[in-house]
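Colleague: Since chain A is already given, all that's left is putting chains Y and F on it; use the hints.
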Amino acid sequence: MVHLACSYIPYEIPLAAGIPAARGVFEGPLPSTEGYLPRDFCAYARAFVRQYKDDDVVAIAESCDAMRRVYDVLRYWNLARTVYFVDVPRTRDPDAISFYAEELESLASKLLNSEISPCHEFSERLMLAINCMNQIRKELSDVFDLVSERQLSAGRGIELVVNVNQLLADFRSTHDAPEAVPCLTHDSEPGMFDTIIERIRGMISQTVSEPAPLSQDRSRIPVGVSGTCLLDSSLIECIENAGLDVVFIDSCLPSRTYDFVVDNKTTSRLFHALAEAYLSKAPCPRMFQGTERIKRLYELASDHGAKGLVYFAPKFCDQAYYDFIEIRQSLKALGRLPVLLLEGQYGVGKTGQALTRVEAFREMLEGR
Amino acid sequence: MKPGSYVMGIDVGSSVTKGVLLLDGQILSTFMLPTGTDLNVTAGECIRRLLSNRELTQKDVLYTVSTGYGRTQVEEADRTITEITCHGRGAKALVPRAGLVIDIGGQDSKVIRLDEDGMVADFVMNDKCAAGTGRFLEVMAERLGMSLLDFGRMWKTARKPANISSTCTVFAESEVISLLSRGIAPDAIIRGLCDAVADRLLGMVHRVGLVPDVVMTGGVSKNEGVRLSLEKKLSLKVVVPDASQFAGAYGAAIIGHELAMRQ
Amino acid sequence: MAPEGVKTTKSHREIAGETRRIKVIRALARKSWVHSAAKLVINYMERRGGTPYQINAIRCFADDFKHAYLREKPCIFTSAFVPNELIYGLGGVPFLPEAASGFAASFGFAKESLAVCESLWYSPDLCSFHRAGVGASVLELAPKPAAVVVSSHLCDGGKRSLYQISQYHDCPFYILDVPYTNSLQSLDRLGKQIEEVAQSLEQEVPGLSKDHMDEAIANSNAACSHYLDLCNLRTNIPSPWRGREALSYVVLFLWSWGSPWLTKFYQALAKHAGDIVQSGEYPVRNERFRLAWLNLRPYYSPRLFDYLEDECEVSIAFEEFSYMYWDPLDARDPYVSLAKKIMSNPGWGPIERRLEVINRIVGEFSVDGVVQFAQWGCRQHNGGASVLSDYLRKKGIPFLNLDGDGVDARNSGEAQSLTRLGAFVELMESRNIRNSR
Numbered sequence: 001m002v003h004l005a006c007s008y009i010p011y012e013i014p015l016a017a018g019i020p021a022a023r024g025v026f027e028g029p030l031p032s033t034e035g036y037l038p039r040d041f042c043a044y045a046r047a048f049v050r051q052y053k054d055d056d057v058v059a060i061a062e063s064c065d066a067m068r069r070v071y072d073v074l075r076y077w078n079l080a081r082t083v084y085f086v087d088v089p090r091t092r093d094p095d096a097i098s099f100y101a102e103e104l105e106s107l108a109s110k111l112l113n114s115e116i117s118p119c120h121e122f123s124e125r126l127m128l129a130i131n132c133m134n135q136i137r138k139e140l141s142d143v144f145d146l147v148s149e150r151q152l153s154a155g156r157g158i159e160l161v162v163n164v165n166q167l168l169a170d171f172r173s174t175h176d177a178p179e180a181v182p183c184l185t186h187d188s189e190p191g192m193f194d195t196i197i198e199r200i201r202g203m204i205s206q207t208v209s210e211p212a213p214l215s216q217d218r219s220r221i222p223v224g225v226s227g228t229c230l231l232d233s234s235l236i237e238c239i240e241n242a243g244l245d246v247v248f249i250d251s252c253l254p255s256r257t258y259d260f261v262v263d264n265k266t267t268s269r270l271f272h273a274l275a276e277a278y279l280s281k282a283p284c285p286r287m288f289q290g291t292e293r294i295k296r297l298y299e300l301a302s303d304h305g306a307k308g309l310v311y312f313a314p315k316f317c318d319q320a321y322y323d324f325i326e327i328r329q330s331l332k333a334l335g336r337l338p339v340l341l342l343e344g345q346y347g348v349g350k351t352g353q354a355l356t357r358v359e360a361f362r363e364m365l366e367g368r
Numbered sequence: 001m002k003p004g005s006y007v008m009g010i011d012v013g014s015s016v017t018k019g020v021l022l023l024d025g026q027i028l029s030t031f032m033l034p035t036g037t038d039l040n041v042t043a044g045e046c047i048r049r050l051l052s053n054r055e056l057t058q059k060d061v062l063y064t065v066s067t068g069y070g071r072t073q074v075e076e077a078d079r080t081i082t083e084i085t086c087h088g089r090g091a092k093a094l095v096p097r098a099g100l101v102i103d104i105g106g107q108d109s110k111v112i113r114l115d116e117d118g119m120v121a122d123f124v125m126n127d128k129c130a131a132g133t134g135r136f137l138e139v140m141a142e143r144l145g146m147s148l149l150d151f152g153r154m155w156k157t158a159r160k161p162a163n164i165s166s167t168c169t170v171f172a173e174s175e176v177i178s179l180l181s182r183g184i185a186p187d188a189i190i191r192g193l194c195d196a197v198a199d200r201l202l203g204m205v206h207r208v209g210l211v212p213d214v215v216m217t218g219g220v221s222k223n224e225g226v227r228l229s230l231e232k233k234l235s236l237k238v239v240v241p242d243a244s245q246f247a248g249a250y251g252a253a254i255i256g257h258e259l260a261m262r263q
Numbered sequence: 001m002a003p004e005g006v007k008t009t010k011s012h013r014e015i016a017g018e019t020r021r022i023k024v025i026r027a028l029a030r031k032s033w034v035h036s037a038a039k040l041v042i043n044y045m046e047r048r049g050g051t052p053y054q055i056n057a058i059r060c061f062a063d064d065f066k067h068a069y070l071r072e073k074p075c076i077f078t079s080a081f082v083p084n085e086l087i088y089g090l091g092g093v094p095f096l097p098e099a100a101s102g103f104a105a106s107f108g109f110a111k112e113s114l115a116v117c118e119s120l121w122y123s124p125d126l127c128s129f130h131r132a133g134v135g136a137s138v139l140e141l142a143p144k145p146a147a148v149v150v151s152s153h154l155c156d157g158g159k160r161s162l163y164q165i166s167q168y169h170d171c172p173f174y175i176l177d178v179p180y181t182n183s184l185q186s187l188d189r190l191g192k193q194i195e196e197v198a199q200s201l202e203q204e205v206p207g208l209s210k211d212h213m214d215e216a217i218a219n220s221n222a223a224c225s226h227y228l229d230l231c232n233l234r235t236n237i238p239s240p241w242r243g244r245e246a247l248s249y250v251v252l253f254l255w256s257w258g259s260p261w262l263t264k265f266y267q268a269l270a271k272h273a274g275d276i277v278q279s280g281e282y283p284v285r286n287e288r289f290r291l292a293w294l295n296l297r298p299y300y301s302p303r304l305f306d307y308l309e310d311e312c313e314v315s316i317a318f319e320e321f322s323y324m325y326w327d328p329l330d331a332r333d334p335y336v337s338l339a340k341k342i343m344s345n346p347g348w349g350p351i352e353r354r355l356e357v358i359n360r361i362v363g364e365f366s367v368d369g370v371v372q373f374a375q376w377g378c379r380q381h382n383g384g385a386s387v388l389s390d391y392l393r394k395k396g397i398p399f400l401n402l403d404g405d406g407v408d409a410r411n412s413g414e415a416q417s418l419t420r421l422g423a424f425v426e427l428m429e430s431r432n433i434r435n436s437r
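Chains as they are written, first to last, in the working numbering: chain A, 1 to 368; chain Y, 1 to 263; chain F, 1 to 437.
Looking at chain A on its own, in the form it has when it is part of the complex (with noise of 0.2 Å):
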């Protein structure tokens, strides 16, 4: 499988390749990294460093100058049978656009031609996966509708959203012949994808069905979740056992991989297509798109009624420590929305200091 650092990186380009693939989603205690990269590194980075399995690849993206290193230390250190390297523009001018184009197709090609790729052609295929994404994003967009509107728990949100991100990762065994897993022809293709968006409706409905833990005391204050990655699900349990709401959660794994639609009219330019979609998502805090971020996290707290921010900065990630102090005085000074820092490791909103501050954070809330 191809295990992707970054939610700039499409799923589509492995999925067509026929290779699982999934984000990084990790869950502790981690394997030590002691000796890799220095211990003022990021969790998520840190976490990355790890022996992989022989079948297994890896994708890094140019996201920050710690995952460059983790670049380094995986290839320096033989740690992954291939690690590649994806070059992210940081703006989304067309130049841009047409360069990350040509980046997503170098990967694919890459890929392609790797020993774990069983595809030899591909542009019809890829046509398929963009398809199969959108329709899942789609999906899991109306859920986190629910989220908002506080009829299901945003932690069981997360659940379901690192549940598809392991089923993409394990899309061969939904396949009827998994172990020929042959480069599928016109008449199974659809069989393949189709396949997978069936089993995450299962999951959808389950999860969307099954008795919702959210409380359905209305007293309870609607806040918003923001920062470059939530690490695990721990945060927002925390967050909802304190007393809260999470109406929306503005991260990498759940909202900004899925909130958006992969534009699947032009046939020709399938890569300029997801360059250009994945380039014009909800901007991560690595970006440089002027005040979008601001804007849009001031709208949808706006529009969810989100009485206040929790932002969660991994620890030692320059990029959250740098975004927050802008989304801290931007919302202050906006609409008076008051923001919690959060920083910590994996596990964070297991540890008493997380849920300390939380609890005192919606005593503030309850005392305005």
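Heads up, some of the hints might be wrong.
Here are the simulated lysine-lysine pairs, DSBU-like style, with alpha carbons at most 30 Å apart [stated by the list, open to error]:
1) A:Lys307 - A:Lys138
2) F:Lys23 - Y:Lys160
3) F:Lys66 - F:Lys23
4) F:Lys23 - Y:Lys233
5) Y:Lys237 - A:Lys332
6) A:Lys332 - F:Lys23
7) Y:Lys160 - Y:Lys222
8) F:Lys340 - A:Lys110
9) A:Lys295 - A:Lys307
10) A:Lys350 - A:Lys315
11) F:Lys394 - A:Lys53
12) Y:Lys233 - Y:Lys160
13) F:Lys39 - F:Lys210
14) Y:Lys232 - F:Lys23
15) F:Lys23 - Y:Lys156
16) A:Lys295 - A:Lys315
17) F:Lys23 - Y:Lys237
18) F:Lys66 - F:Lys271
19) Y:Lys237 - Y:Lys160
20) Y:Lys59 - Y:Lys2
21) A:Lys110 - F:Lys192
22) F:Lys144 - A:Lys332
23) A:Lys138 - A:Lys110
24) A:Lys332 - Y:Lys233
25) Y:Lys233 - F:Lys144
26) A:Lys295 - F:Lys144
27) A:Lys332 - A:Lys307
It is worth saying that the hints were derived from the structure and are not from the lab.
Modeller: Using the frame of chain A, we list chains Y and F on its own:
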């Protein structure tokens, strides 16, 4: 709520557990003891001593609120509230003009800005390491071979502070050793240490915004040296109420009293 | 309500870091008589036999600072690895907040800059060169920028902190998004971006014009030629120049390409080094070992170097940040030429590029050991420590990763650093004894 009702606030801190007993909203008695390894036992002991001093039992208490890092370990508590809210409320009750509360405990420090009604308007908390906390000062006092109670006196005798840049316990300890070996007087070192702690607090104060009156609570509030450094750096008076160490427990008890009234 | 970026109010300046000396420095920096007096002092120093390269370095900054603080020329803030030929070539003066942090630390007023940043929620886990740069801007110790230009290489903190400065001063912000892979396509994309930034600057900032580009490129190439002479002289054993000084003058290497003063500075410095070699009056006379120094140094205290150079008699033969990594620029195609310069930075791209340069330094400068100053919060450099250590170990070169902080003394334990340096020198000694057996 009937007249003659007792309400209790228990603050289970990392170093010391404090308890305040209120009768009709007024402080009746206080008690504190070191926090042991079993937080539940310590809290129970605090409650027992608090009540037995007045020949009362748990049954006589209408409402108990626990706070502090061990707040969830207090079996007798009807409600838990964070130490941030409790310190804010307690400090406001002790010093009605309080606008900013600086609480430095054994292992963490927090700065809380209050609004006009005494509610928490913003807060910042530091508990990543022992830097600049009570534990830091204890280690330094140990290294200098003196008591924390001497800090105020020594601060005043120092002509100028020694330059100590770090509040990291390990780095500062070696800075202190190096200063001592260079023959720098201990009083200057103490003043330097207090300045370093104050500098660290200053960053936190400005993050939430400086609003007078500034009130100091928690164990380190009794350290006159830190207060003096802070006053100098803030260019304003820092109020340390007599019961500053009980601010959290008192705040918890006040909230308990309000909740009991609503019942 | 239209959302805006960070608006740091003046009140922040008022409440944190605003000491009397900061007020005095801020006011003095903007007085024309101060700059005139500085000029007289420099002339006097020259007449009294001041060291020519030092005089030229001071002139280089005095000249730029005068233009910037008195607003005689547009001051453009740039991140550390933007090729400043672009700024001089437009008739502006560059200002590098990150590099200025080193100045602030050397002169002992980084503390206030860091304090003001802390009050603005900047994490102390961020690199202090960036924090102090923002702090100096908020305190208005730095001049007012007419625009900010950053490049996305090498580090995140540089571009992010400068973005915040641009928001604070409400001035145009431009980013050169540097591709990771050095290819023709990358060069083309970057060259186009540089040209577009030049055009935008010319349109947006009154007083800028591309008319000076040829001159800036010529200055840069001339300085480069003298610089290569200096590098050649620095291969001499013992070393003709003190490493602590070299690590301080790295600021010119980052700042002044394109300035006419840089040519004079390197010319004088090369002459100085040549004279030392001729006379044999080496700064570390009984040089026992030679080091390559990676990343920067603590600027608030010379103690590490007193110990290393004076007590242990160990020279810093060459520094990673002094390495000349680009070819002469082509005035006929300045933007692509500058793009090539950026793309040639060995700190960018896969770590093998950096390893190759370190290997070259080790060979060319006959280095006995390599020290990386592990600046707190510098993910860019520190993240390569395990690779560097293994790579150098395999080559038989001792390596020390020395934790510290160049600007924020609170993040450094000087006693611990001295112990580690001492142990490192002992390690080189025992290695020598072993090798001589």
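Colleague: Each hint needs a verdict: does it hold in this structure or not?
Modeller: Results of checking the hints against the structure:
The straight-line distance between the Cα atoms of Lys307 of chain A and Lys138 of chain A is roughly 27 Å, inside the 30 Å bound, and the hint therefore holds. In summary, the hint linking Lys23 of chain F to Lys160 of chain Y is supported, as the alpha carbons are separated by about 23 Å, within the 30 Å threshold. A threshold of 30 Å between alpha carbons decides the hint, and for Lys66 of chain F with Lys23 of chain F the separation of about 18 Å falls inside it, so the pair holds. For the hint pairing Lys23 of chain F with Lys233 of chain Y, the CA-to-CA distance comes to about 16 Å; that is within 30 Å, so the pair holds.
Restraint check for Lys237 of chain Y and Lys332 of chain A: the C-alpha separation of about 29 Å stays at or below 30 Å, so the hint holds. The straight-line distance between the Cα atoms of Lys332 of chain A and Lys23 of chain F is roughly 29 Å, inside the 30 Å bound, and the hint therefore holds. Distance restraint check for Lys160 of chain Y and Lys222 of chain Y: the Cα-Cα separation of roughly 22 Å lies within the 30 Å cut-off, and the hinted pair is therefore satisfied. For the hint pairing Lys340 of chain F with Lys110 of chain A, the CA-to-CA distance comes to about 26 Å; that is within 30 Å, so the pair holds.
With a C-alpha separation of about 16 Å, the suggested pairing of Lys295 of chain A with Lys307 of chain A holds against the 30 Å cut-off. Restraint check for Lys350 of chain A and Lys315 of chain A: satisfied, since their Cα atoms lie roughly 15 Å apart, inside the 30 Å limit. Restraint check for Lys394 of chain F and Lys53 of chain A: satisfied, since their Cα atoms lie roughly 27 Å apart, inside the 30 Å limit. For the proposed pair Lys233 of chain Y and Lys160 of chain Y, the alpha carbon gap of about 14 Å is at most 30 Å, so the pair holds.
This hinted pair checks out: Lys39 of chain F and Lys210 of chain F have alpha carbons roughly 28 Å apart, not beyond 30 Å. With a C-alpha separation of about 19 Å, the suggested pair Lys232 of chain Y and Lys23 of chain F falls inside the 30 Å cut-off, and the hint holds. For the proposed pair Lys23 of chain F and Lys156 of chain Y, the alpha carbon gap of about 28 Å is at most 30 Å, so the pair holds. With a CA separation close to 25 Å, the supplied pair Lys295 of chain A and Lys315 of chain A stays within the 30 Å bound.
Pair hint Lys23 of chain F plus Lys237 of chain Y holds up; C-alpha atoms about 24 Å apart against a cutoff of 30 Å. Note on Lys66 of chain F and Lys271 of chain F: the hinted pairing holds, with a Cα-Cα distance of about 28 Å set against a maximum of 30 Å. Using a Cα cut-off of 30 Å, the hinted pair Lys237 of chain Y and Lys160 of chain Y holds, with the two alpha carbons roughly 20 Å apart. Between the alpha carbons of Lys59 of chain Y and Lys2 of chain Y the distance comes to roughly 15 Å, so the proposed pair stays at or under 30 Å and holds.
The straight-line distance between the Cα atoms of Lys110 of chain A and Lys192 of chain F is roughly 28 Å, inside the 30 Å bound, and the hint therefore holds. For the given pair, Lys144 of chain F sits about 26 Å from Lys332 of chain A by alpha-carbon distance, which is consistent with the 30 Å threshold. For the proposed pair Lys138 of chain A and Lys110 of chain A, the alpha carbon gap of about 29 Å is at most 30 Å, so the pair holds. For the hint pairing Lys332 of chain A with Lys233 of chain Y, the CA-to-CA distance comes to about 27 Å; that is within 30 Å, so the pair holds.
Between Lys233 of chain Y and Lys144 of chain F the CA atoms are separated by roughly 28 Å; this keeps the pair inside 30 Å, and the hint holds. Distance check on the hinted pair: Lys295 of chain A and Lys144 of chain F sit about 27 Å apart at the alpha-carbon level, within 30 Å; holds. Distance restraint check for Lys332 of chain A and Lys307 of chain A: the Cα-Cα separation of roughly 11 Å lies within the 30 Å cut-off, and the hinted pair is therefore satisfied.
Checked against the numbered hints above, the structure violates none of them.
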